[in-house]
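Residue numbers (the numbering used here), protein chains in the order written: chain A, 1 to 222; chain B, 1001 to 1222.
In case anyone wonders, no lab produced these hints; they're calculated from the structure. Honestly, I wouldn't trust all of these hints.
Unchecked claim - Taking lysine-lysine pairs in the PhoX-like style, the calculated list, with each CA pair at most 25 Å apart, reads:
1) Lys-125/A with Lys-1125/B
2) Lys-106/A with Lys-1125/B
3) Lys-195/A with Lys-1106/B
4) Lys-125/A with Lys-1106/B
5) Lys-106/A with Lys-1054/B
6) Lys-54/A with Lys-1054/B
As the list claims (entries may be wrong) - Derived CB-CB ranges, DEER-like:
7) Ile-64/A with Gln-1040/B: 47 to 53 Å
8) Gly-1214/B with Arg-26/A: 25 to 31 Å
9) Ala-1187/B with Glu-61/A: 32 to 38 Å
10) Thr-1185/B with Ser-37/A: 34 to 40 Å
11) Gly-1034/B with Pro-164/A: 28 to 34 Å
12) Ser-37/A with Glu-1141/B: 45 to 51 Å
The C-beta atom is built at its ideal place from N, Cα and C for all residues, glycine as well.
Number of protein chains: 2
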Amino acid sequence: MLDKDPPESVSEATTHRLSLLLRSLRILDGEGVGTVSSQQLAERFGLNAAQIRKDLAQFGEFGIRGVGYRVPDLKEKLKWVLGLDRPRTVVVLGAGHLGQALADSKNFNSEGFKVVALFDNDRRKIGGRSRTDLPIRDIAELPVVARAESVEIGVLAIPAEAVPSAAVVLRNAGVRAILNFAPITLAPVPGLEVKNVDLTLFLENLSFRLAATGDRPRPKRG
Amino acid sequence: MLDKDPPESVSEATTHRLSLLLRSLRILDGEGVGTVSSQQLAERFGLNAAQIRKDLAQFGEFGIRGVGYRVPDLKEKLKWVLGLDRPRTVVVLGAGHLGQALADSKNFNSEGFKVVALFDNDRRKIGGRSRTDLPIRDIAELPVVARAESVEIGVLAIPAEAVPSAAVVLRNAGVRAILNFAPITLAPVPGLEVKNVDLTLFLENLSFRLAATGDRPRPKRG
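Isolated chain A (complex conformation):
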């Protein structure tokens, strides 16, 4: 049924919704539910039925008219679409508080991902272990580890000024994607998929909502 090549350009909002849909399907599959309609998905998981149909339509014909979606099939197809049909190995650069939190988090060691090493350049940290017993290794070993473990994603939890050179080291080691938590926007690097995470945006979204729900009088018109 994957009768379309995925479109060249799919928005991040779409992949975000597909991720949430996949989680819903995993829950249903765990419960042994065989088929589900977009309406049922919407009601149970707080999704939008029309949006589900629209998002999926970009990738082919998934549903069966009058029946809905077959849960195990749609789950597998979504895993394929999201590239989660095989595990992806991850390394974290920076063994400070954020790097250790990310390396040890269930989020980053969930179905589909596995953190295999944490790197730092601080002699006092190298040789240590994270709370989940992940070794903290010398950043100089990154190329060897990356090739040995077929690392695909590098997570940056390092100072902003170290980001550009770290990107080059990762790319040269065969790593293909970077998730950057450092407070600097890493510009596109040929051969690397880059995602910059700016946690301030979440606070600003909340600030907007606080303002919109009336923590101040409306302004004068004019």
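Since the structure of chain A is already known, use the hints to place chain B on it.
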């Protein structure tokens, strides 16, 4: 010129773009640039000119035909729209690696936000200080601190099972918004704006992009 009340429902994607636009305007204002067109903003900062005009149109008439936007004015108006025209105080619950990383981060102590305390219930941590010298206080003191400091936003970096009760404690202490990093979706709570952050979604977005840019053969049609 804020001649419209902000619409009831503005998507998170929109507030995200407005945040990025505000950053661009801060840079231009710092450089002393007086006016800028949507086209110039788009070219310099990698934005979309039509989208800028569309986003701003939800909040009123900001531009002057043939001139563009007055940078200082638009900056101030966007700060107002985003509720960043006055500082908002933040507390972080959970003094583990993630909580300490967030409490100390420049992101969470940037223009518009200030973390005033870090809370935990672990006697070994209480009384200590974060790297930026923020006191780690007993969670039992939260109501007193929240009222004394007019805390508006609580950031959760605690175990999943502690989230529902923490939300109640925060709401009862007069806190109005929660940014939840725990690996559980906090359902809407009356009187609280809630934003759940799921860091796995960023990894899944990268996984999608890796798959889409060809780390595997296209499937058979069918």
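Now for the hints, and whether the structure bears them out:
1. Lys-125/A with Lys-1125/B: 21 Å, holds
2. Lys-106/A with Lys-1125/B: Roughly 23 Å between the alpha carbons, so the hint for Lys-106/A and Lys-1125/B holds.
3. Lys-195/A with Lys-1106/B: 19 Å, holds
4. Lys-125/A with Lys-1106/B: Judged against 25 Å, a Cα distance of about 23 Å means the pair holds.
5. Lys-106/A with Lys-1054/B: Answer violated: Lys-106/A to Lys-1054/B is near 39 Å, above 25 Å.
6. Lys-54/A with Lys-1054/B: 23 Å, holds
7. Ile-64/A with Gln-1040/B: 47 to 53 Å: 51 Å, holds
8. Gly-1214/B with Arg-26/A: 25 to 31 Å: 26 Å, holds
9. Ala-1187/B with Glu-61/A: 32 to 38 Å: 34 Å, holds
10. Thr-1185/B with Ser-37/A: 34 to 40 Å: 22 Å, violated
11. Gly-1034/B with Pro-164/A: 28 to 34 Å: With Cβ atoms ~32 Å apart, the hint holds.
12. Ser-37/A with Glu-1141/B: 45 to 51 Å: Given range 45 to 51 Å: holds, Cβ gap about 50 Å.
Going through the hint list in order, the structure does not satisfy hints 5 and 10.
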